[in-house]
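> In case you want the letters, here they are:
Number of protein chains: 2
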Amino acid sequence: MLLAEKALIDQIRHMAAGTGKSGSAGAMVRSARLNPAILVGIGDDCAVLRMPPRPNQKTDTLVTTDFTLEGIHFRRDWHPAGSVGHRCLVRGLSDIAAMGGEPVAAFLSLALPRKFPQSWVGLFARSLISLAEKYGLSFAGGDTAESPDGILADIVVVGSVPRGKAVLRSGARAGDRLYVSGELGGSAATVRQMTQKPKRKLNPRHYQRHFFPEPRLELGQILRERNLASAMIDTSDGLSTDLAHICEESGVGAELEAERIPRAVVGKPAWEVALKFALHGGEDYELLFTVPGSKRIPSHIAGVPITQIGHITRGRKIFLRNRAGVGHELEPRGWEHFRS
Amino acid sequence: MLLAEKALIDQIRHMAAGTGKSGSAGAMVRSARLNPAILVGIGDDCAVLRMPPRPNQKTDTLVTTDFTLEGIHFRRDWHPAGSVGHRCLVRGLSDIAAMGGEPVAAFLSLALPRKFPQSWVGLFARSLISLAEKYGLSFAGGDTAESPDGILADIVVVGSVPRGKAVLRSGARAGDRLYVSGELGGSAATVRQMTQKPKRKLNPRHYQRHFFPEPRLELGQILRERNLASAMIDTSDGLSTDLAHICEESGVGAELEAERIPRAVVGKPAWEVALKFALHGGEDYELLFTVPGSKRIPSHIAGVPITQIGHITRGRKIFLRNRAGVGHELEPRGWEHFRS
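Just so you know, the sequences run in chain order L and D. Here the working numbering is used: position 248 in the first sequence is 248, and no number is missing along the way. Here the working numbering is used: position 215 in the second sequence is 215, and no number is missing along the way.
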């Protein structure tokens, strides 16, 4: 094991678990700060979780896994270590949010090149841990390896949702209205800023949605609890692609109204991003969801603005209408991070 | 998404799930061949698992995650695609075995370079899937990405174990006897064969324990059911390192008898590997376990030979004794795959 990896494991073990029991004879690692569903965390062949996380619940277990690879999902010269750690975990938390679930435990597989700066690892780990603490989950394990090239991370998040209540992509029906939380395109527009010539380093404070996005966990849970969303997905790949996933899994189509799509405001001085970023840019980690016609949606839920941007149709295609009502078919355009 | 990755997802979706429901309106994907604990597999934001996997059980959930990185854990010129897929999943299955657990679902995060041969991916996926089918688990999700360099895989295995019954590393007590399954050193000796000059390609059939190791799942479950093992670990890092893990977590020491350590027989014509490979070589995926003095262990369990190789002591150190009874302290030597 490399020194940097050992340091990360130790940091995660001590900071997240708060036990300091490494090397002791203690079997079941428990602490007030560790999510109580985790009976055995880092330090055995497997983590041992007692699900459901609270007694007398009936729940299903959610599992999601997401890569974060240097040069593909981030660049070390653009993204501070804290932002890399934060975005790494947000990918998984946002998937849990999109099912209406609650996160319980995270697992980090991390490969670092030889001779890697300890300071980077420390900032990366602290950011991961503080985001986990904010949302009540704990790191329960993972793997470390030497990387052949660059930083390679894979985050697994395990969550829970009341039995049979997970909000799937496949529940949209013709006539449902289509909503999105927050604003779209902010992350992709930030990437465009960084890739444009002359290249420049951005101040993360003015581009929060890219560098430090918040997962919409509370919103997702409220939509599930109140039975409001018939289908839901997070906008990790971009609106056109993620909406296509809902339509494909539900066997429906959709009509979007271009004017209604909430476009992100980023930078300093602040400017509104172009429609193409809101349509095709990924990694905004907002929630896109459909609502049956009979149900009312407030303008804000859990402090997050909610906007109706279209509705679900019988046909299998997605149309985008402009202000004059003229429409054209919208093809999903995959979001390729820094390769665009 | 790259074509090769799409092909893998499709293959895993169709071969493992056996549903062919991609794109249909079906919500909960079920099939006879899919582990029944998996309610929603590939194709939503998260997999949805209903644990415990059988009704009216009380179980704990096991989670393990393991990297398999090209150039670190395998080399494409030495390891056929089928061996890479097999070893990738065995790493996780062996961790489940070491807890006495039963595997339920696997998740594959896979990053491939651009322009990657489809045939390789097909063989890799088939091998993964056939091993999963053999042990009753199914692929329930994962992630794909473009790799900046080489093949990067991270396998997550989720399993179950009767509540409170997971066999931990921390249960060894002074006086317990120390056992190992099968033979040790075969995998590391195989790697040495391949790294020696003149370099040569080996026939995987004569080096099964390296290219196609079997996880000791049935053995682990029997040891747990019959309450025989007080502590257990799999020999993924090598005997000296894995025994040190048991000693550290249990707060004990150990004495090993060099003559008793079962050394692997590999190659054609077959030869017995040197003691150093059995002591320090990793990736044999045998089970190393401790047994209280009052319990009897048969010479074979589930068809696998079981050998007593030493016992647990009060002191915190590990000693290796030769035939004459002369001992010296054994330091754990980390197993570094192809860097040795």
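Hints may be right or wrong, so weigh each one.
[Stated by the list, open to error] Heads up, simulated DSSO-like pairs for lysine-lysine below, C-alpha to C-alpha not over 30 Å straight-line:
1) D/K276 / L/K197
2) L/K165 / L/K317
3) D/K295 / D/K268
4) L/K201 / L/K295
5) D/K58 / D/K295
6) D/K115 / L/K165
7) L/K199 / D/K115
8) D/K199 / L/K115
9) D/K134 / L/K115
10) L/K58 / D/K58
11) L/K295 / L/K197
12) L/K115 / D/K295
13) D/K115 / L/K276
14) D/K276 / D/K201
15) D/K197 / D/K276
16) L/K58 / D/K165
No lab work stands behind these hints, which were simulated from the structure alone.
> Indicate, hint by hint, whether the structure satisfies it.
How the hints compare with the structure:
1. D/K276 / L/K197: violated, 57 Å
2. L/K165 / L/K317: The given pair, whose Cα atoms are some 28 Å apart, holds under the 30 Å limit.
3. D/K295 / D/K268: violated, 39 Å
4. L/K201 / L/K295: With Cα atoms ~45 Å apart, L/K201 and L/K295 exceed 30 Å; violated.
5. D/K58 / D/K295: Given that 30 Å is the threshold and the Cα spacing comes to 26 Å, the pair holds.
6. D/K115 / L/K165: Measuring from Cα to Cα gives roughly 41 Å; hence the hint is violated.
7. L/K199 / D/K115: holds, 29 Å
8. D/K199 / L/K115: holds, 29 Å
9. D/K134 / L/K115: Roughly 41 Å separates the two Cα atoms, so the pair is violated.
10. L/K58 / D/K58: This hinted pair holds, its Cα atoms lying about 12 Å apart.
11. L/K295 / L/K197: Not satisfied, since the Cα-Cα distance of roughly 48 Å exceeds 30 Å.
12. L/K115 / D/K295: Outside the cut-off at roughly 48 Å; violated.
13. D/K115 / L/K276: Holds. D/K115 to L/K276 sits at ~28 Å (cutoff 30 Å).
14. D/K276 / D/K201: The hint holds at about 23 Å.
15. D/K197 / D/K276: Measuring from Cα to Cα gives roughly 20 Å; hence the hint holds.
16. L/K58 / D/K165: This hinted pair holds, its Cα atoms lying about 21 Å apart.
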